[in-house]
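S.K.: Reconstruct the complex from the two isolated chains, following the hints.
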Amino acid sequence: MAFENNVDVEHPVHDVRMAAIKNFEEKGFPSKKEEAWKYTSLNNIQKIDFSIFPKQENSLEYKDVKRYFIHEIDTYKIVFVDGIYSSYLSETTHDGVDICLMSAALTKPMYKQVIDVYFNKIASKDESLTTLNTAFSREGAYIYIPKNKMPKKPIEILHFSTGNEASLLLQPRNLIVVEENAEVQIIERHQSLTSNEVLTNAVTEIFAAKSAIVDLYKIQNDVATASLIDNTYVDQKDKSLVKIHTFSFGGKLTRNNLNFYQNGEYIDSTMKGVTILGEKQHVDHHTLVHHIQPNCESHQDYKGIYGDSSTGVFNGKIIVDKIAQKTNAFQKNNNILISDKASINSKPQLEIFADDVKCSHGCTIGQLDKDALFYLQSRGIPEKEARALLMYAFANNVLSSVRIPELKARINKLIAKKLGVNLGFDL
Amino acid sequence: MLKIKDLHANVEGKEILRGINLEVKAGEVHAIMGPNGSGKSTLASVIAGNDNFEVTQGSVELEGEDLEDVSPEERAHKGVFLSFQYPVEIPGVSVTNFMKTAINESRKAKGLEDMPAKDMLKLIREKSELLEIDRKFLSRSLNEGFSGGEKKRNEIFQMAMLEPKVAILDETDSGLDIDALRIVASGVNKLKSKDNAVILITHYQRLLEYIVPDFVHVLHNGKIVKSGGKELALELEEKGYDWLKQETAV
Ligand SMILES: Nc1ncnc2c1ncn2[C@@H]1O[C@H](COP(=O)(O)OP(=O)(O)O)[C@@H](O)[C@H]1O
Ligand SMILES: [Mg+2]
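The listed protein sequences correspond, in order, to chains A and B.
So the first sequence is numbered by our numbering: it starts at 1 and just counts up by one.
So the second sequence is numbered by our numbering: it starts at 1 and just counts up by one.
Pulled out of the complex, with its shape left as it was, chain B reads as follows (with noise of 0.2 Å):
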């Protein structure tokens, strides 16, 4: 479903990425973790095409397709979602005027209508019951004052609604006390399917305890340094990253 093949990123002239190589396929899930400044947000950013980054080697593949060139909006159409680290604010502007807009926009894209308002409306009480989210919640503006959790929590909202393909999702527990943090797994659960995969960033086993990966890759200086199962997060749990860099080094 999703190729990168030695994928190298910049920015400000500095390389980020190193010589990134990962096969995501329809049904998995992957856990992607590694110290702070390994830049493991830098590659979710540039999957979803944020041109902050100037990608200067290698490719990302949609189902066959590369997104060099594709713009983020027209990866989201096509069914890249990423659920950001850090939400930006948007006052003034609903979180359901929100997505009724990028819903449309995405059906838009498509050569569909625009989505019936009775049909959104069952859509956004189903999504919202999903990750037990208030209905009052819906009509604040966009991350405005939101607790990091709630902003965390409003992100997997937006994946439900949106039902990506391939969604990234960047530390999503991190602000989510140990209630969220169950309800936002067991959204995530449901939501999984066999024709979709889903890419967790996290520090934490924690998060792999509720949402198991079926592979587990440690990013280290803009590479990706080991891969295995998720019996390799308990291990980085265990050990900290520490011996890994040694490792490497030898």
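Just chain A, same shape as in the assembly (with noise of 0.2 Å):
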């Protein structure tokens, strides 16, 4: 891949984007000798030529992506098509919060306080694909919540590709603060709606003042010739509670590296994911939980269904400052594999430093349980439809954290269609 010379040397973030450039000029591509990227090639993505910036810009109409929104029910909606902002898909406030673009918060001066305080204070300067993204990124969403407030509604964040280049790179930057005592749904999905070549390495960055509340749900559903590179990075204060949730159903290649730094005490961190993969598909959930307080909790639960020739990684790193005392942080990722084809690498990554901490993981591997498959079945369930169930039921916990019913029974939806049945009922 080549970069074009597009940076913007007027830019108030221009030194900040010029150290990025340099840190990935110097490191690129992340290649499968470095231990964080094993199982993950990335060979075969960079292989292709990319567009950076779409020649032409694409309008859609609400009805034929309608149904990739939670549209039962009134949202704010950020939404970019091809990596540009569509305004009139979009629903976006400056009533008591900010919901809106990047790209204002960037150049506009009513923002630059906020923009000097957190813009690039939490994401990664040596991790190469974030810098590459601290580089050239030029769009995003822009969220700011104040003190004591919380948005009417949930705010959905939404990429759309259209196709119309050959292959597409992009690099949306999303920024994220909430204030203390402040509250946020955030819903966020990429897609693409043809089978061209699409490449999104995207960067978040979240702030949690005191007492905030973040729930962030994900959900990758994306085509077979879609990649997503998600960088997660939040920054947590005292008694802030952050979940993100990860619904990854879809997608070519997929990694999801979410980090969490817990700077203040009596701070809740969660991550819950369900996958489910079939064909080739492949996803990568790297997390990371840094204790540099104490006091605090983590919580993990990732649950996984790999059939045909799938392969999954979960790699869940944690570690515990040595101040951090009376931690504790568990971590679950339990997985099915339902083709002898399908594979998974689950690795916990412990670094302990402190005496007294409660940590406790366990991943396991295994295969659905033949006596649940036979009660269904005795009652008349066909063993495609009882596996489907049984398979549901393995996920459900990390459903039953998700606060809003109709993404939650949009989840559920997914569910059903990805494991191929239709049950009679709504899941």
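None of these hints come from the bench; they were simulated from the model.
Ideal Cβ positions, reconstructed from N, Cα and C, are used throughout, including at glycine.
Careful: at least some of the hints might be erroneous.
Unchecked claim - Some chain A residues near chain B, calculated using beta-carbon distances under 8 Å:
1) 44
2) 370
3) 375
4) 379
5) 385
6) 396
M.R.: Next up, the structure:
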């Protein structure tokens, strides 16, 4: 891939971008030689000649993409088509909270203070794909929730690619700042509308101030030619509560790098995931929780169901600093392989330097329980449907914490579809 | 209705059922008793088609049809029902939704349309009243966090919904307190007719006071070692199983 000299020297974050470019040029794309990329190869992706900026703007009709929204409820919407903001499909606001565009936030003086304090402050400055995004990203969602505020409705961030370019590289950049005692719910989705190649290299920075509550739901159900590298960085202060749910049902290659930094006490960080893959799909969940201060908790619960020749990776790193006493860190990764050709690599990585901590981790790889299958079949439920019900039951624990009922219903539908069954009721 | 001939079955290469003969006619209630590990649950599983057990010899026939190679779901569609000794928990699937799926799959297999929602609700109401099951209970995840007694009562609710021809109740009485036992037994009695049959697997005479069997069989070491009328259950209650073991050893 070659990057034209597209850096805008006048831009307020010009220096940040120049440093990022330098880092990326030194490091290049991560290779399988790196421990963190051992099971996920970007070789094939790098061979594709991606366009960085689409030559032509495309518009979409709402009716054609309505099904990708949680349209049963009213939401704020920040929508991008081929990386370009679509005001037509969006519904932003400045009414007490800012739910708008990164490009505006980066250029308009009224946002300067927030940008100065938060932009690129928690995102890695040496992880190469993150710096690639920092260098070239132009657009994304900007969400600022002031103290004690909560938006009236959930926010949807949607990225569509129309396929008018043979292959497109998208680099959305999101900044989410939730001030003291404020709360927000966000749903994020990347959707390619054709079978042309798309690679998305996204970076999201989340800052949760004291007692803030953030719920982020990632819906990953893209087409078989779309790949996603998601780099999410979360900075948490005292008593804040951040939950990220990742639903991975599609795409060609998906890499989720979720990084939590607990910069305060009595923090709760939760990551949950349901992964259901088939064909040759690949998903790699790389999580990091850095317990920097005492008295915090982290919870991870990832369930995976792998069929056909799909492959999965779960790598959960937990660091507990020496002063982070009374840390509770829990991690679970349970997997079911429903095909001989599917595989999963599951690895906990614990680095614990404090002595008064509770840490548990467990990973399992198994098949469906035969007795349970027989129980369902003995009630007249055919084997295929019985298997689907059991898989649903297996993943259910993760769904119970989804706080938007319509979203939960949608996820259930996606699961039923992914499992290829119609059970005669909405799961 | 159900005819079992010289049935042998293995699990993991070990022979558990060693030549069972049993005929159950329409309208009859049979009780199967016997010490722990004698093969009662295995027999129930094999009748219901659990392929974790390998049938090595003999046959099970339902209304003249050999059930070999008939899947568990097809057996259910043909009218076999097993109330499990250990019902399985299915998180996230409510009792109601589970029953809807079970009933409509059975109808589909018979070439019928889905049961209209109104009829389904009526059926659920009727049968839950029969077993004195609270409405709220039906929206809970199947068996998840149910007490032992609730699980068993729920099994019989499922039986009531599915109206089987042959119902096998595997230790349905264990875990039930006396009130629940009475409710469950009266439910079973109301569901009983001249066209269906019930096989009760139990350790205790107690259940048989409420659901009176026509025949009692004693299973020991994978064989029926003694059959008799309902008095046999009383005799077993009094004497335990030791005398029986000795008698068969002779
Ligand atoms: N899945 C299994 N794997 C191995 N052994 C089994 C299995 N199921 C039953 N058995 C063995 O078969 C025998 C009969 O068990 P079971 O039918 O459950 O007896 P009962 O119901 O009369 O107490 C026991 O010795 C038991 O250990
Ligand atoms: Mg038993």
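S.K.: Determine for every hint whether it applies to the structure shown.
M.R.: Hint check results:
1. 44: Constraint on residue 44/A not satisfied, violated at 37 Å.
2. 370: 6 Å, holds
3. 375: 4 Å, holds
4. 379: 4 Å, holds
5. 385: 7 Å, holds
6. 396: 3 Å, holds
Hint violations for this structure: number 1 only, all remaining hints satisfied.
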